[in-house]
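Colleague: Now for the letters of each chain:
Protein chains: 2
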Amino acid sequence: METRSGDFYPTRLERPVENVERIDPVIHSTGKDRQKGPLSEAELASYERDGFLVFNNFLDQATVQKFREDLRAYEDDESILQSEGTITEPGKQEIRSIFGIHELSERFDRLTRDPKILDMVHQLLGSDVYIHQSRINFKPGFHGKGFDWHSDFETWHSEDGMPRMRSVSFSIALTDNTPFNGPLMLVPGSHKTFIPCVGRTPEDNYQSSLKKQELGVPSDKDLNRMIEQGGIKAPTGPAGSLIIFECNTLHASNANMSPWPRSNLFFVYNSVENQLEQPFCGNKPRPDFLGNRTNTEALRPVTETDMRRTG
Amino acid sequence: METRSGDFYPTRLERPVENVERIDPVIHSTGKDRQKGPLSEAELASYERDGFLVFNNFLDQATVQKFREDLRAYEDDESILQSEGTITEPGKQEIRSIFGIHELSERFDRLTRDPKILDMVHQLLGSDVYIHQSRINFKPGFHGKGFDWHSDFETWHSEDGMPRMRSVSFSIALTDNTPFNGPLMLVPGSHKTFIPCVGRTPEDNYQSSLKKQELGVPSDKDLNRMIEQGGIKAPTGPAGSLIIFECNTLHASNANMSPWPRSNLFFVYNSVENQLEQPFCGNKPRPDFLGNRTNTEALRPVTETDMRRTG
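Each protein sequence line maps, in turn, to chains U and P. Residue numbers for the first sequence follow our numbering, beginning at 1 and rising by one. Residue numbers for the second sequence follow our numbering, beginning at 1 and rising by one.
Extracted from the complex, chain U is given alone in its bound form (with noise of 0.2 Å):
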């Protein structure tokens, strides 16, 4: 098998290999580390079996109203418009994903440095983290598609060269979860599992699948397999629920066929201790708002004042 040397998860071959079975640990940190908090060993043990956490109300009502109007008032901000970053819909204003919003939206770079949230980020990751990736998107009601069952660790390690699973997403919802508007999809379980998909990658291949993912999707006999062991969870519940879930855990989301908007604020953090190399699949690195390799130093927790200056 033709795959770089210090590749422990070889993936977009020609020819279907077998999977992998893990070898990085799910919770990075250990000892005193781990038992520190904010989350508890049986969060920690959820965690580690299932890939996943999930706390409603995270974000108070509030808060969540303001990155509401903030993503409302980006579609006169021609900058933002202009950015690379920013994916529109065909012909329209109307703002699908704004990426790299971290560096756009101080509400939103506070927020990645909220100390609680840094504190479970270090509990889990074992290390300092910087921002990998993070976005705000807005699905609207009845149009909004889905997304094909995938690990987003195969694409970062492939595309972006992210070496080894030492990362973790937060996804905050900005409307309602309901099992209708086109809810994450989870794998309990399927974060133990690296599953190589097949297929050479083409240069420049973020440009398509940012709208379908045609590449890094498992093949049935390999999806069936995880979900008959582990099932499938659909969180539900109000806005400003917080769905934390490790880098390898398998997810999807079907369409939209609800009038209710879906619209969250999704980042991924990665550890200092992990960072990108050349991109496994042996094209050029993707655009740096996909995978950040410019500002990786060490993230630091907001302060009060920070937080009292600008709510």
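Because the hints were derived from the structure by calculation, they are not lab data. Check before you lean on any hint, since a few could be wrong.
Given that identical chains are not distinguished, each listed pair holds provided it fits within a single copy or across any two copies.
Stated by the list, open to error - Once the Cα atoms are required to be at most 25 Å apart in a straight line, the calculated BS3-like pairs of lysine-lysine come out as:
{"id": "1", "residue 1": "LYS92", "residue 2": "LYS221"}
{"id": "2", "residue 1": "LYS284", "residue 2": "LYS221"}
{"id": "3", "residue 1": "LYS145", "residue 2": "LYS221"}
{"id": "4", "residue 1": "LYS66", "residue 2": "LYS92"}
{"id": "5", "residue 1": "LYS116", "residue 2": "LYS36"}
{"id": "6", "residue 1": "LYS145", "residue 2": "LYS233"}
{"id": "7", "residue 1": "LYS192", "residue 2": "LYS221"}
{"id": "8", "residue 1": "LYS66", "residue 2": "LYS116"}
{"id": "9", "residue 1": "LYS192", "residue 2": "LYS284"}
{"id": "10", "residue 1": "LYS145", "residue 2": "LYS92"}
{"id": "11", "residue 1": "LYS233", "residue 2": "LYS32"}
{"id": "12", "residue 1": "LYS116", "residue 2": "LYS32"}
{"id": "13", "residue 1": "LYS116", "residue 2": "LYS92"}
{"id": "14", "residue 1": "LYS233", "residue 2": "LYS221"}
{"id": "15", "residue 1": "LYS221", "residue 2": "LYS116"}
{"id": "16", "residue 1": "LYS192", "residue 2": "LYS233"}
Predicted, not measured: the structure shown is a model, and the values here were computed from it.
Assemble the complex: chain U is given as a structure, and chain P must be docked to it using the hints.
Modeller: Okay, now just chain P, sitting in the frame of chain U:
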């Protein structure tokens, strides 16, 4: 407005027109006929209010299993595979739907004439009845597509010439309905309003509409109002459950993103006093397997002897 005289539910016009209040009763029997069962007054009131009723475990597992075996056996039956009403996977012998199945399968025919079912139908439609359409459906895991929101009556009226709202659909699950295998979604109360849809109907529209319905889909604005009023229900339950829904109840289904196939029996009763006329859209009628106009004599219940004979 250029519509046919006696068309109480004009639709498929070039411009949007106002929604129409339903002029037909939801339950057509009255007095003693309404009271004689098998549906209780509470069940009738629920159907009248919501436009549907759900009975879990209506068919026992042995019967469900027989229907599933029949479906597999049809895949080796050339006369069924060649039938115009059989929809197979492109390039495969895997059956997606067999229309007109009550005329092909004795077991299905007997089910549609089950005395308990027929008594319910008589109670709902207030007259003798016949089968307007029947089919057995199979949607495989991962690849079953969804269906947009629509009222069946809107199509049966415009494309089949069904004059009034006096028909009812029975859907019996042959597989478990879960939140993830694309279950039927319904809008409670939507059956009380007729939503005209925009757009002239091309001849032979059914050839594409069986795959994806483009016409007969209400506007986002109308859907939004109906769903804000009534919400969305997606009954889940074990194989064997029955959903009875009124011909004008808005319904849809999302894609099947689970490994679990979804299979069901579907049959529509129409009142013998509501026989098909010329299609109100002005086209020639659809084939009999979609809108039966040949065998429209009153259905008679199967006898005990019939039941014993073929189990």
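Colleague: Each hint: holds or not?
Modeller: Each hint, compared with the structure:
1. Taking identical chains as interchangeable, the C-alpha atoms of LYS92 and LYS221 lie at most 25 Å apart only when they sit on different chains, with a minimum of 19 Å there against 39 Å within one chain.
2. Proximity of LYS284 and LYS221 under a CA criterion of 25 Å is satisfied in neither setting, with 31 Å inside one chain copy and 45 Å between copies.
3. In this homomeric assembly, LYS145 and LYS221 come within 25 Å of each other (Cα to Cα) both inside a single copy, at 24 Å, and across copies, at 19 Å.
4. Taking the shortest alpha-carbon separations for LYS66 and LYS92, only the intra-copy value of 23 Å comes in at or below 25 Å, while the best inter-copy value is 53 Å.
5. For the identical chains of this complex, LYS116 and LYS36 are intra-copy neighbours only, at 12 Å inside a copy versus 64 Å across copies, given an alpha-carbon limit of 25 Å.
6. With identical chains, the CA atoms of LYS145 and LYS233 are at most 25 Å apart both within one copy (19 Å) and between copies (20 Å).
7. Taking the closest pair of Cα atoms, LYS192 and LYS221 come within 25 Å of each other only inside a single copy of the chain (17 Å); across copies the shortest separation is 45 Å, beyond that limit.
8. Within a single copy, LYS66 and LYS116 get their C-alpha atoms as close as 20 Å, which meets the 25 Å cut-off; across copies the closest is 57 Å, which misses it.
9. When the C-alpha separation of LYS192 and LYS284 is checked against a cutoff of 25 Å, the pair qualifies neither within a copy, at 28 Å, nor between copies, at 58 Å.
10. Taking identical chains as interchangeable, the C-alpha atoms of LYS145 and LYS92 lie at most 25 Å apart only when both belong to the same chain, with a minimum of 17 Å there against 27 Å between chains.
11. For the homomeric pair LYS233 and LYS32, neither the shortest alpha-carbon distance inside one copy (31 Å) nor that between copies (48 Å) is at most 25 Å.
12. In this homomeric assembly, LYS116 and LYS32 come within 25 Å of each other (Cα to Cα) only inside a single copy, at 17 Å, whereas the closest approach across copies is 67 Å.
13. Taking identical chains as interchangeable, the C-alpha atoms of LYS116 and LYS92 are never at most 25 Å apart, the minima being 38 Å within one chain and 55 Å between chains.
14. For the homomeric pair LYS233 and LYS221, the shortest alpha-carbon distance inside one copy (19 Å) is at most 25 Å, but the shortest distance between copies (31 Å) is not.
15. With identical chains, the CA atoms of LYS221 and LYS116 are never at most 25 Å apart, being 40 Å at best within one copy and 42 Å at best between copies.
16. With identical chains, the CA atoms of LYS192 and LYS233 are at most 25 Å apart within one copy only, with a shortest distance of 16 Å there and 35 Å across copies.
The structure fails to meet hints 2, 9, 11, 13, 15 from the earlier list, while all remaining hints are met.
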